[in-house]
Amino acid sequence: MPGKLKAKIVAGRHLPVMDRASDLTDAFVEVKFGNTTFKTDVYPKSLNPQWNSGWFKFEVDDEDLQDEPLQITVLDHDTYSANDAIGKVYIDIDPLLCSEAATVISGWLPIYDTIHGIRGEINVLVKVDLFNDLNRFRQSSCGVKFFCTTSIPRCYRAVMVHGFVEELVVNEDPEYQWIDRIRTPRASNEARQRLISLMSGELQRKIGLKVLEMGGNAVVGYLQCFDLEGESGIVVRAIGTACTLEKLTNPPSNAQHTANSSPSKDIRESPAACVSGCRSSHSSPVHGAASRLAQGFSVSYPTLLFSGMGSGGSAGKEAGPLKTLLRQQTQTALEQREFPFFTLSSFPPGFLSHVGGVVSARSVKLLDRIHNPALGSSRSYKLLDWNSGTADEPETRDAWWEELRQEIKSHAKALGCHAVVGYSESTSICEEVCILSAAGTAAVLNCRFLQESCQDTLTEHRLSRQLPLFPSGSDKVEFDLGSSASLGCEDLAPPGCGFCHIPYDELNMPFPAQLSYCCCCRRAKVPDVLFTTIDLPTEATITGKGCLIQARLCRLKKKGQGEANATCISSLLPFMEYELHTQLLNKLKLRGMNALFGLRIQISVGENMLVGLASATGVYLSALPSPGGIQIAGKNPGDLSYEQHVSNMQRKINDTITKNRDIYQINPPEVVEEVIGSPIPEPRQRSRLFRSQSESSDELSELDLSHGKKDAFVLEIDDTDAVEDIHCLLTDAPTPPGFFSCNTEIMPGIHNWTSGLQMFTSVRVFRLSNANLTNQGLNKIFNELCENLLKSLYFKLRSMVPCCLCHLNFAVAVPEDELIQVAVTAVAMSFHKDQIQDSNKSGEDRTAMKVITEDQLQFPMELSAETTPAQLLSAAKNSGPSDCSTSGLARAPSVDYSSFADRCSTWIEQLRLRAHTIRRGSIKTTSSLERGSPLPDGRSRSLRSTRSFHGSSVAVVKMTPLSFIPGAKIIKYLGIINMFFIRETTSLREEGGVSGFLHTFIAEVFAMVRAHVAALGGNAVVSYSMKECVFMENPNKNQAQCLINVSGDAVIFTRETDLETSSTQLQAANPQSNEDTPA
Amino acid sequence: MSVELEVFVGNNTMMDEDVYQLWLDGYAVNDAVRLRMEAGELRDCDVSTDVVLSDTMDQFRTFQMCEKLLHSPSKLANQLLFQIPPQKQAMMIERYYQFDRPFAREVLGKKLSKGMKKDLDDISSKTGILVKSCRRQFDNFKRVFKVVEELQGPLVDNVQRHFLVSDSLAKDYAAIVFFANSRFETGKRKLQYLSFQDFAFCAGQLISYWTVGAVDKMMEDIDVDLEKEFLHNLKDLKVLINNKDMLDQHKSLVCAQLRGRIKVFSEMDANFKNLSRALVNIAANLTHNKDVRDLFIDLVEKFIEPCKSDKWPVGDLRLFLTHYTSTAHMLETFRYKPIWDRYMGVIKSCVLKMYHD
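Chains as they are written, first to last, in this note's numbering: chain A, 1 to 1079; chain B, 1 to 357.
Because the hints were derived from the structure by calculation, they are not lab data.
A portion of the hints provided could be inaccurate.
To be verified - Computed Cβ-Cβ distance ranges for the label pairs, DEER-style:
no. : chain 1 : residue 1 : chain 2 : residue 2 : range
1   : A       : THR986    : B       : ASN289    : 27 to 33 Å
2   : A       : ARG183    : B       : ASP50     : 41 to 47 Å
3   : B       : LYS118    : A       : ALA733    : 33 to 39 Å
To be verified - With a straight-line Cα cutoff of 25 Å, these simulated BS3-like cross-link-like pairs (lysine-lysine) come out:
no. : chain 1 : residue 1 : chain 2 : residue 2
4   : A       : LYS45     : B       : LYS146
5   : B       : LYS171    : A       : LYS45
6   : A       : LYS127    : A       : LYS972
7   : B       : LYS171    : B       : LYS146
8   : B       : LYS146    : B       : LYS132
9   : B       : LYS171    : B       : LYS75
10  : B       : LYS308    : B       : LYS251
11  : B       : LYS251    : B       : LYS302
12  : A       : LYS45     : B       : LYS75
What the hints assert, rightly or not - Among the chain A residues that face chain B by a calculated CB cut under 7 Å, a handful are:
no. : residue
13  : TRP400
14  : PHE760
15  : SER995
No experiment lies behind these values; they were computed from the predicted model shown.
Ideal Cβ placement from N, Cα and C applies to all residues, glycine included.
The shape of chain B in the complex, shown without the other chains (with noise of 0.2 Å):
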């Protein structure tokens, strides 16, 4: 004696935003109605399993049907399949595109190619993530990235247009789009330490700042790339350490509007030198596309954690940095400002979001 078949079908599509929920986090409809036993949410009506499992499947069913439509959801909108409202459409987009913080740390500057089906499994067991969801997350990034990739125009603007998805998340989306385009190396241990919203915000700066489409909104070009002509232009950079005097002259003048100023000036003034040279030299290098991957772990190694074990604290590092750029618009023979300022603001937002205490 069993239930051979059992459906549910409204006019309405019915869902329960819990249950989708449960569904997006990958629970096999068992696990998903023990979940929502336990839950206090049905504590007051009093229902056996039965119910809230022929429940839990119909929903499941729908949430099913309608995925391969949340693969393109502006046909969300005009499909005819399901009647849904379209604030519940807004909903469902928004939270199959939601993705865990964890998931996408680990997936950061990792090409997303086929490949990643064991690495799934692993990520799966680091994070506590169900492999099912984390297949989702991971389609849904693979998904993103093949539709904005080759498109024009801003990213962000790119990923809400075809996605749907709220601001916020267009943004985290363009991040990753941005760096598995670039494919930055965030896997190393020393790295391990930074969180996806580091990282977002960084590829935030890079994209708003050294992109072609920073300098030109006009301009027809992908944002997904960093502007090649600019980075050529950062080796004009070197002349900072290479001409002596002008080293000498830069420090001079960043000691004098620090002195006082912040509690390891001895160290800066021993360090300044190295330091320099470590800040324009991993600009000099981002004409390489391998260096351009290492630009996190360069900053951590020979900027980040120089200043660590001196233990500076972040307000005295964001003074130092702050007089570091501007100081050099003194120096007479120098003559590359523009590009100084825009390398500058930008290294100098990240290293500060990556500067833990």
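So here's chain A without its partners, still in its complex pose (with noise of 0.2 Å):
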């Protein structure tokens, strides 16, 4: 069925001179879409034409409007030679296609050139009308939408998710091919951009029908890479989690996420809003984290196990018979599907029952070794012949993943996972030799969200069933046990350590883990230490607060060719991580931390090297217990001077430890007493309730910082390499005063964020210049460039603190010889220091709070002595503004949470009202609203919105690489960005250098990604990302040339404050400019 794509030229300004002798330009466009061409007049002598064209039309297929974009381009007329392009501009239709996405695209966007950048800008209006397709056998998925949020992204809430959909499309590389010698490069490239246009689009269009397959209506945490494998083509391929979304409609549900300014808790608390009361998790018993690798060449996959954790195992507990049962349960429903992979990072509450550990599979493959008789026979050059011609390509790698995620399917089984979350691919790719990388966390998932709808589970399972929480206990809480069709399907455990719990037998564990009882609920086992790509679960108990943790590896290599070339990467992967978790484990403990959340570790293959480098934010996990210190062992104990020399190292390491527990205040006694700290502080409560029965001993002492224990972990320096090993562990210098980073979305433990926020990209390209380097030297130089890189970023964003670096998204690559070129792309946002500065907010609210902290007191003063804080709150959160009045729970309390909806900030806030409460035991409690609100002074941001200025007539549009912007609501989702430029120089000195062309390429691949979102009528983008930034130079022939690829999803939010003003600002499209960061 076709559709009618309608673009109108208006005008355009601040075009670039192209007749010299006039010093103007005689201008005209050309509007093309698939094969047509429609152009305008041509507008004699002006900078600024005016063409104001009347609508061109266009009537195609909507498979067509998929894939291909609307090419408009810019040229100069010239009576008596060629006319000359002055630059193109692509618009993706995809977010037209959607009903609930953008109407119009209608706005100044950047023309641009891949030689000369951007040359002005023009003014378009383009708009879709779309017939309803009811064929069955349909090409198109129109209407699917897409996110690149690795969550249920806000304003929807998920119906079901259906799980992991991936594809992939193989083209010739225009680059490649022989017309290439004989055209310009600016043809070349553009024949490049275009084509993977062309291709994301079919590519996202196949997706899209694979979604409709399954029933689907979005695909979240939508992933799409592209490889450029040289000589045998260009890879695109993505991958997803297919949902059935539903968009939020009843305000006064969102008013109240809205009023939350803490976004960690908002993220998951829209989709809370329809499973609430459905959160729960096991109380199955223990189980342990492990990473488990892989890494394999050709056919045969070597696979090694491992984990880095001491030896010893622990007895286990009672295996409910209900896990064994709900484990069967999810297991069918997971294993109709081929790959239970899920690529998003954060969950709703409840829905992660257990999480295994990281499981990972790298392979190395030949490129040149690829069947591909398509290349060899015809060398047409034809953009969209893959469909025909290679239509063999795809299978191939096809194949290849299919194999790496069989790898990790089995992985995670050895876990006792049947999902892996948190999942994605990636490839590192050098000549004719490509690693290709899968990574995710084993999970058990709660079965529930895989298959009925959550509606139906909510009305259904109502916080009715309750199993006795403390079977061994004798001062147990009775609770209401409600009647339940399918009660085996979960149990309670308490929800902030549920996930903790070890998910495989632990008589029969898949590697050796030292395993305890779980410090919060002291009836399951849990790891020593946790290691997960997911993002920290939002009910998940922490202490302190968390920090980046990177490990860094280099690795030289003899160059090679060809089969022994791979055989050597692959015998060397393995050793290279192995050396990265020990590297991550060793940091952890250093920091006196006992678990890693958003691991993502990257191997990069060069000619003569390869690079490893991972990255994880370190929490301290209250459920887990405290790590040993690390304790250092010489060798040939009889030497006095080694002696002292091992003492010494031994003495600053614990120095350092004990400075690094201060610095993320991991103390957990003292965490109770602060708020800020730790949301739900029960944990010293739960220690304090079960002591008298608690069978383990070493609750207190686990708070030690004694480091001499027999837990402790020993790193003997028998040779050199340790010794780098320990020097490295000890040169990470600390974060400046006032920062924090983390390369998860947010920080555990840090709650009030302002609405300063700062998106950048930072790029360094190092050579080594030294041709006979050690791996100790390469080493120390890659944890130089990595820490200067960092250093460097504070130094920067000194302005914003106290200021967060989340997101810190590092990529590393070694695109010749002798460079190595890490990428940051990350996200500053500032926080208030002290929550004092919330006292401010109306007497009204005040009063309102008042009571209901009056209100509420009641309970938990019944239930302390029975009942942990965090499970009233999570009931008290169950009984959300809908049903309250039918919660099962019997002594829930009875307040009218709908009346102050849109002015209580969130449970959150509650539960810190009475944690407050219960800890003093007091019942005045009016002061702790001052120290409990994570909401930012609202009366210093709206004087701030009064002094806005309207000189500007761009719009303001923010960026980010998280879900979420701070202090705001996202009120509609506008469709994918998804863009890929490309930049080549032939005068690299003119223009500043290397830095200068990247510097200026950078900028403008964010202008243009800020016109298009603000042509959607978007002011933000969320869930940014830069895939791909490939630079390549030659300066002896002063040329450069780099290609980048960025992608995100284009929203409009509007501030709390502006909602609670007036609530039909819902639509507003122009954004405040009153929110600028302190740039």
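Reassemble the complex: the two chains are provided individually, in unrelated frames, and hints are given to aid placement.
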């Protein structure tokens, strides 16, 4: 079924001078879609032409609408010679194809040229009239929504999560075609840009079809990547999670979420709205963290299994029969799928039952080995010929990935898990060698979310089923045991720790691990460390704050060719992985933490070296045991000076650990006093409650700083390598005061964000001039490179202090023989140091809050002896605005939540209030308002908004790699932004050298992203990422080239303050200019 | 082993005002880094030179990329490349167009043409302002001059509208444009003691009272040129010195007013005819372009210096000029009172400004 695409060319501005004689330009525009081209009139002698064209109409198939971009070319008319191209604009029509996204593209878009960069702007208007297509065999998938966000997007709720979708398309790379020898670099680059635009359009359409087949209507966590394989072509591949999403329409409940300025909570709040009442996790026993790796070359995949933990195990506790039942149910649900993978990294509460650990697989492939008849036989240049001639190629690539995914799946199974969450895939290519990597976190999921509708579950399960919580104790609370058909599907564990419990059978552990009882519930087993690739679940209780932890490693390898080279690489890989893990573990212990989230291990291959970079956010999970210290043991104890050296080092390490615990406030007893650190300060509470009956002995000594315990991690320095390692541990410079950093969405332990945010990209390329480097030397250089980069970021952003660098995403590459490239994209967000500023909320609020506090006081006081505040809170939370009266929990407070829904910030706040009350045993808690509220200062913000400037005619567009904007509410998703640019120069020196060239290019890419978002009517990009930044230079020839691929979700957001004053501004497309960063 | 490439790009363009000033002052990156390290600014944070260097490079690059936009400031507001908050944009523009007064003093009244390159080097070594900064300031003058030269309407408004600078800065630019257009002589040794502010004040007076726009705000004419008709009419004032009766009468009227009120009465009494002749001759000669250019040197040589040699206090000079102007109205046969007031009003305030004790 066709659709009608309409475009109107309004005007141009700031055009370059194309006619030297008159210093003016005679510009006209070509509008091209598919094979149809229209032209505007020539607007003579102007740098600001006003074309005011009529509508150019294209009647096309919706399939083409999805694949093709609208191509706008601005040219300078020349009577005597060929018309000169000024530049182009590619417009992705996709956002217009979905009824819930944008309706029109209208605005100033930069005119881009691959040689000259941005050359003026053009004002266009684009619309699509789409007719309904009821054809079952259609090839298009219009209407399927795509999100880069790796969580359920705000303002939607997940009715169902269908699972993994993947697709890839392959084509010849125009740069490697014979025609490239005779055409200009510009033509070649433009062919490439257009091809990739087409390929990603097609890819998206195909993924959409798969989603429709599964019965879904959206792809969340959409991750699209390019592999520039050189001679063998371009691969565009994508993975995502198919979902059925439903737009949240009831404003009252939204308003409550909005009031929440703590985004970390909000993120899971919106999905929670639909699943409230089903919050639960398993009380199933013990499981552990593991990281399993595999690397393979060619057909065989030698698998390496290891865990970086000390050895030792402990006896298990009772394994609930329910668990088995649950496992079976969920498993069947999941096994219907080929790959039970989820690209999401944060989930609605209760979705994750258990987390096993990181699973990863790598394989080394030779690109020139592909049987590729298409390349041999026909060399015709046709853009869309992969369906016919090269049909066989995607199969090869598909098979490669399939192998890898099978590997991941079996690893997960070995960990007793039936699903992999936080899943991602990546490649690193050097000449003809390609490393394919896949990684995720093995997990056991709550089956409810997978097959049935949450809605149904909500009504069916609503908090009614609760199991006896503490089967072994005597002083237990008796909960109402409601009737439920699907009782076996879940059981309740304290929400903050359930996911930490090991999912596998401890008698049959896949690897040696040290298990102990959960420090929260004391019932199930937990591992001593937990590595995951996901974000910290909201329900997790942590102590103190987290921090970025990186392991960095370089390994030299001989230059080689073909199979020998690939063998060499694949034999190095396991050692690199092992060392990276050891480094991570050491650094984790050095910071006194016990879990890693958002772990991302990147191994890049170059001609003569491999570079590994592992980044993660370390935290102290309250459920896990306190990490032991690091103990150093010398090999030859006889030597006195050596002994001294060792003890010196030991002292240094101990000092560092103590200092780090201080910095990150990892001091559980103190944290209890300090609400800021931990929103749910119950660990102490618990340990007090259960001390009498607990069979576990060491809960207090766990918090000790004693490093000499037997479970301390022992580092043996038996050779220079080990000494290096320890040095390397200690050389990590601490973050300067006022700064925090993490590579997850937000920093665990910080909630009170201000609206100040600054997204940035920083790129560094380091040249190794010394040809005969050792591994150590190389490591040191690489380490310094990363450290200096971080230092430089802290320095640049010092005006934003106190601030946190979130989503610090490092990408490392080895573009040439002696070059190492590191690119970082992150966002700096400032936060209120003291929460005292919140005190000047309106008096109305205060009284309202007071009432609530007092209302709710009674039940915590009653119950605090038997149960945890967190549980009560979860109960309180579950009894949301709509269903509190029907709450199955007998003693649940019947507070009219809806009455203060818009004013009360969140349940978190209530939680804090209550936590305070409990701790102090006092009813007068009004002062806690001042400390507890995470809301930023409302008054100062409104002040700020009044002095907005109207001088600027360009709308402010915020960009952030996170899925939310602090202090704001996303009211509409406008569609995915996926842009690919190539820039080339033959006058490198004149453009300020390599740095000047890249600086301009990155700024231009930002500008184009902002302009396209603004044209869609949006005022922000969330989940922004720079997925590719390939930089090549040839300084001798004065040339350089760079490819950049960026993606994100265009959104409209409104400030909370705006919503409070008038809730009708939902369609406010004009962004506020007041909330600029302190740039 | 070296850093090959190093960039940092923020979604909101980051800039440090101090670094911007260093850039405007024409420092090379390395000097700027040294100055930053020495300045107290960074004492709190423990940073290495490398970090400051890379930061400085990033910012200097950003400024260089912005420079093209700053050349036509209205573009800065609707360009898409840099996301800069409006108040920051205003700061950037204002600072970019700010100039060093010693530099402006040197350039004042000179033809803003290309032949200045060598002169800029000289000015740089004379004033201690770096050549790069001199070049920027000079280019700013040239650019503003070129845009405003042909425009109609009030000069200050035109500068403000096209370059979005503050009121006071626009006034200074108006002075520079005015001087450059009329090519007033300011370089003579005898004029060296006058500062840029002195001249800027005089330019303001001339623009306000002697141009076409001064008489009729609605007049569609350029503000840059002095009104030809007015200058022509000034010839008529010669009657004040050529008519002996009138000269004597004028003198006696002034003396009557000032007797006992000024310290230098006797000197005034002795010199009245010379002084009056000087002032009227200057007026009468303004029809010639050459004499217009020499207005300031003439005022200094023929009026200010004689007064100075007689050690007139400023107060006395003010009284004299006030009464010298007003008493002319009492001369029965003197018919050119409006012209006289228009002329003397400006001359009086200029002389007083230029008369340094």
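Do the hints match the structure? See the list:
1. The hinted range of 27 to 33 Å is not satisfied by A:THR986 and B:ASN289, whose Cβ atoms lie roughly 51 Å apart.
2. A beta carbon spacing of about 43 Å between A:ARG183 and B:ASP50 agrees with the range 41 to 47 Å that was offered as a hint.
3. Evaluation of the 33 to 39 Å hint for B:LYS118 and A:ALA733 yields a failure: the beta carbon distance comes to about 51 Å.
4. The hinted pair formed by A:LYS45 and B:LYS146 meets the criterion: a straight-line CA distance of about 21 Å does not exceed 25 Å.
5. Between B:LYS171 and A:LYS45, the direct Cα distance comes to roughly 34 Å. Violation of the 25 Å bound is thereby established for this hinted pair.
6. Under the criterion of a C-alpha separation no larger than 25 Å, the hint pairing A:LYS127 with A:LYS972 is consistent with the structure, at around 19 Å.
7. The suggested pairing of B:LYS171 with B:LYS146 holds, with an alpha-carbon distance near 16 Å, which does not exceed 25 Å.
8. Only pairs whose Cα atoms come within 25 Å are accepted, and B:LYS146 paired with B:LYS132 is accepted, the gap being roughly 21 Å.
9. Restraint check for B:LYS171 and B:LYS75: the C-alpha separation of about 22 Å stays at or below 25 Å, so the hint holds.
10. Between B:LYS308 and B:LYS251 the CA atoms are separated by roughly 20 Å; this keeps the pair inside 25 Å, and the hint holds.
11. The hinted pair formed by B:LYS251 and B:LYS302 meets the criterion: a straight-line CA distance of about 18 Å does not exceed 25 Å.
12. Straight-line distance between C-alpha atoms of A:LYS45 and B:LYS75 comes to about 19 Å, which keeps the hinted pair within the 25 Å bound.
13. With its C-beta approaching chain B no nearer than about 33 Å, A:TRP400 sits outside the 7 Å limit, and its interface hint is violated.
14. Evaluation of the A:PHE760 hint against chain B yields a held restraint, the C-beta minimum of about 4 Å falling below 7 Å.
15. Interface restraint check for A:SER995: the shortest CB-CB distance to chain B comes to about 5 Å, inside 7 Å, so the restraint holds.
When held up to the earlier numbered hints, the structure conflicts with 1, 3, 5 and 13 and fits the remainder.
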